[in-house]
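Sequences and hints are given; from them, build the entire structure.
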Amino acid sequence: MSELSPDAVGRLRDLMAKPELPDRYRLVEVVGRGGMGVVWRGYDRVLEREVAIKLLAEHVEGEAWVARMERESRILARLEHPGIVAVHDAGLLPDGRAWYVMRLVRGDRLDDAAGRFGGVGDALRVMDRLAETVAFAHAEGVVHRDLKPANVMLGPFGEVLVLDWGAARGDTSADDRASPASSALAGDTAHGTVIGTPGYMAPEQAAGLPADERSDIYGLGAILRDLLAALPGAPPKPLAAIRDRALAADPAGRYPDVVALRDDLRRYQDGGPVAAYREGPLEVVARLARQYRTPILLVSAYLVMRLAILWFRRI
Amino acid sequence: MAIESSPGGSGQRGAGFPETRPSVLVALAGRDGEQRREAGELLCRAYRAPVLALVRHRWPGKEADAEDVTHDFFDALLEKDWLARFDPDKGRFRTFLRVCAERFAANWQQAAGRLKRGGGLTEVPLDLVAELVSAEADDADRRFRDAWVKSVFGLAVEGLRDEAATAGRERHFAIFERYDLADHPAGERPTYRRLAEEHGLSESEVVNHLAWARRRFRAQVLETLRRLAGSDEEYREDVRELLGVDP
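Just so you know, the sequences run in chain order L and C. If you're matching positions, the first sequence starts at 1 in this note's numbering and goes up one per residue. If you're matching positions, the second sequence starts at 316 in this note's numbering and goes up one per residue.
Accuracy of the hints is not assured; some may be wrong.
[Unchecked claim] One side only, chain C facing chain L, incomplete, derived with CB under 8 Å:
#1 L340
#2 L357
#3 K465
#4 F468
#5 D495
#6 D498
#7 L516
Since the hints were made in silico from the structure, they are not lab data. A virtual CB, placed ideally from N, CA and C, is assigned to each residue, including glycine.
Written as structure tokens, this is what we have:
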């Protein structure tokens, strides 16, 4: 066996641990770690700002994973949206691992923050922003495929950011079509690959079937489920119905697209009827009473005053 | 954390590894004689130096005995099927081996003392081993771990040398050996340009050669760790620990 000096062991350890990035970037500390990637807090010497640098985890080996990381950076670069972290740079390490640099996001993960929500309004505000972002991605031909509270970051100024697009599939991306390696990791059932998180992935994903936009609707429904569960008491029936429709086991039973889900949530917020729930007559009355409370109160007050005037005149 | 599985069934742990060779524990428990022999050899080569370092640390001043204890330990380990008692739920395989070695060496020393007084060797009370597997790290453990890291890197370098020879890439290995393995006085590490001149290559070719060797070295280290680990979890912990990065 090769006899290595202590210095050589140290160098090899550094070689394995510290990614050899271009001089422009300095690595500071590991701030996140997932099954596939490691995220470092870094510093961009040229622009003199902190950045986040994601690269393949040390134990991840293989061209398919490199292709997947490269695809993730390309997808992110394509999705310019306030709800998606911008990518600034990308490349390959000398050891073959892919990396990319993105904006350093500060804030709380949704699964940590949900317990501090003040009420349904907070949850719906987050869901609205999430739905907007996912709808934008879908319009760009990108399906996230791993939506869950842990992949959502809430910024200090109310930002809602969808993270970790490593499992995303961009149907219109040229490399998705061209690279067998990437398609092997992109949910191609011919390869039998399953990507997602139990409890959040749609049944068709878990079964190894192709995931489409409706799979993301399921993921959004699962997030809504968690947010409502973190609030005290049972959710209102229309909201529970929206959640249940998004979580329908059969994709055909879900909302046709994310915009329809978002619109239903907005209708609920505005006090209107939601598509997912058929109200009884009393519920319609109660809802209308809530929705038009102010004019009803004004009219009622006016009528009471008129009646009072009439009554005094009779006396 | 997302789960990802593939037809190979390697899941996250495998993450792209072609699992061509079973782990040492699986191979030693199997019936394939060649695999058992090869796994036993790998086990001994990976752990000989750590066990030797441990024995020397625990019983300083008995250098002559340390080699004998280490040799006898591996003989006993493989012959007496002690590895069958390893339970991954109770701790790391590496810790299990360290505790086994410590118990064996302690008994060996006692027995050696008794021999001088006319006594004989006794069995290692391995039932105690499971309880000791979770023993807290101490200086001996650190020495054991450091020697193990060196062994793993040494095995990986050897694997890389063989791989390079098989692939006709001896020059790739030579550049790696010169640039990353050889010790140089401060400030005298060869530059890419100098390596290019030495090997009649362009600088970019040197970079590419080095990149290939480093990439394959990394793969060799990971494969060695995978084969030596007692469980998937231990493999991941080893990777993180060896790379000095906390998850």
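Query raised in the report: Does C/F468 meet its interface restraint, that is, does its C-beta lie within less than 8 Å of any C-beta in chain L?
Result: holds, 5 Å
Query - Hint validity - C/L340 Cβ closer than 8 Å to any chain L Cβ - result: Result: violated, 19 Å to nearest chain L Cβ.
Report task. Could you check if C/D495 really has its C-beta closer than 8 Å to a C-beta on chain L? Result -> holds, 6 Å
Report task. Against chain L, run the beta carbon of C/L516 and see if the smallest gap drops under 8 Å. Result -> violated, 16 Å
**Report entry** Proposed interface contact between C/K465 and chain L, which counts if any beta carbon pair is under 8 Å
**Finding:** Nearest chain L Cβ about 5 Å off; hint holds.
Requested in this report: Would you settle whether the hint for C/L357 is holds or violated, based on the nearest Cβ-Cβ distance to chain L being less than 8 Å?
Outcome: violated, 11 Å
Report task. Would you check whether C/D498 satisfies its interface hint, that is, whether its CB is within less than 8 Å of any CB in chain L? Result -> It holds, given that the least Cβ distance between C/D498 and chain L is near 5 Å, below 8 Å.
Comparing the model with each numbered hint stated earlier shows that hints 1, 2 and 7 do not hold.
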